[in-house]
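Undergrad: Generate coordinates for the entire structure from the input sequences, incorporating the hints supplied.
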Amino acid sequence: MRFPGAIAAALLAASAAFAAEIPQGQRRSGYSFMKPDTRAMQDDDTANPGMLWVLDGEALWKRKLGAANKACADCHDDARSSMKGVAARYPAFDQTLRRPVDLEQRINSCRSNHQQAPPLAFESRELLALTAFVARQSQGTPIEAASDPQLAPFVAKGRELYLQRQGQLNLACTNCHDDNWDKHLAGSAITQGHATGYPLYRLEWQSLGSLQRRLRACITGVRAQAYDYGAPELVELELYLMSRARGMKMEAPAVRP
Amino acid sequence: MASALINVPPKAKRGDIIEIKTLMSHIMETGYRHTATGEVVPRNIITSFTCRFNGAEIFRADLFPAIAANPFMTFFTTATESGKFEFEWTGDQGFSEHASASITVE
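So the sequences go chain by chain: A and B.
The first sequence begins at 1 in this note's numbering and counts up by one.
The second sequence begins at 1001 in this note's numbering and counts up by one.
Keep in mind that the hints are not guaranteed to be accurate.
Claimed, not checked - Selected chain A positions facing chain B (Cβ under 8 angstroms, derived; list incomplete): (1) Thr46; (2) Pro49; (3) Gln150; (4) Leu151; (5) Val155; (6) Glu204; (7) Gly209; (8) Thr220; (9) Val222.
As the list claims (entries may be wrong) - Across the chosen pairs, the derived CB separations fall in these ranges: (10) A/Lys62 - B/Gly1055: 28 to 38 angstroms; (11) A/Thr38 - B/Ala1066: 18 to 28 angstroms; (12) A/Asp74 - B/Gly1055: 56 to 66 angstroms; (13) A/Ala71 - B/Ser1100: 19 to 29 angstroms; (14) A/Ala40 - B/Ser1100: 38 to 48 angstroms; (15) B/Asn1054 - A/Arg63: 48 to 58 angstroms.
Keep in mind the hints are simulated off the structure, nothing from the lab.
Model, not experiment: these values are computed from the prediction.
C-beta atoms are modelled at their ideal positions from N, C-alpha and C, and glycine is treated no differently.
TA: Given below as structure tokens:
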């Protein structure tokens, strides 16, 4: 009985070694996998369609609404200074909920608590616009997510999900994004899964979309049942991805193919 | 919430060839898609884009269902005199948007 045990241990060690994390020096943004024309689109603010959402978000920022008849700007003033670097710290720990919330959830809780307005639906034009506008203020700042020690257990859960094989294809995130990021899948580059640019404009979506939308699409892609928008598992995955990308620069609103 | 992004150089020398870039927010729904219950999603596209300079038309384009959402139009013109570019997008379901930008030609 000693042999099977030894084999199992060897297999475990081998699979652990296979799912190697990307060394710090080799980390790359999805931007660096893109063709020059798509990069040019992201770099030019008047060609980047994501900026249309940023413009809308700026208008929404100043709009008074809800029972409190307050605008975001009434508390937070000019987002250019008050929101600088904020998105780079999300998902962040919420003291009331005792768990991490992402930027979309943060905006919605601000709406319910302070504006006394109904929350916006995930992926709605308004929520994406506000998120894009806030995230845009962190463009170029290094990602600092997961620095709060209270987040540690949630980062660990996110990592567990990231390493967990799932779906009919029996693939974990790591099998593509750590082990095969230098290869292609049906002609598209497999990237490293560093979520530096969300919410971002995908040419395939012809729209801006959140990181949760991207994660759900990936989960459906391995033929697993995707978690609902706002599910704790998705936020934990987002948190883990952002912790992996710590120190990389925020690009939101990015453009991806 | 329709919005437009316009990029016109604020200044140019007489005779310079300048690039004009415009981006218009629009879903460009083709009219060929169906909902889960089988109903056709009605066509909703921009059908026409026009640019006038000091009142005279200098560029026009017709748009069709195969054009992607948020159409990005870019074209070149020669700077002749100072003035104002006026942009107009019209389309299905009464869509009509305007924007303008000024240029100083030295």
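Undergrad: Now tell me, hint by hint, if it's right for this structure.
TA: Going through the hints against the structure:
1. Thr46: Constraint on A/Thr46 satisfied, holds at 4 angstroms.
2. Pro49: Result: holds, 4 angstroms to nearest chain B Cβ.
3. Gln150: Violated. Min distance 37 angstroms.
4. Leu151: violated, 34 angstroms
5. Val155: violated, 36 angstroms
6. Glu204: Violated, about 10 angstroms.
7. Gly209: violated, 12 angstroms
8. Thr220: violated, 16 angstroms
9. Val222: violated, 23 angstroms
10. A/Lys62 - B/Gly1055: 28 to 38 angstroms: holds, 34 angstroms
11. A/Thr38 - B/Ala1066: 18 to 28 angstroms: Once the Cβ atoms are compared, 20 angstroms apart, the range 18 to 28 angstroms for B/Ala1066 and A/Thr38 holds.
12. A/Asp74 - B/Gly1055: 56 to 66 angstroms: Given a distance of about 42 angstroms, which is not inside 56 to 66 angstroms, the answer is violated.
13. A/Ala71 - B/Ser1100: 19 to 29 angstroms: holds, 28 angstroms
14. A/Ala40 - B/Ser1100: 38 to 48 angstroms: Because 26 angstroms falls outside the window, the suggested range is violated.
15. B/Asn1054 - A/Arg63: 48 to 58 angstroms: Given about 35 angstroms between the Cβ atoms, the range is violated.
Hint violations for this structure: numbers 3, 4, 5, 6, 7, 8, 9, 12, 14, 15, all remaining hints satisfied.
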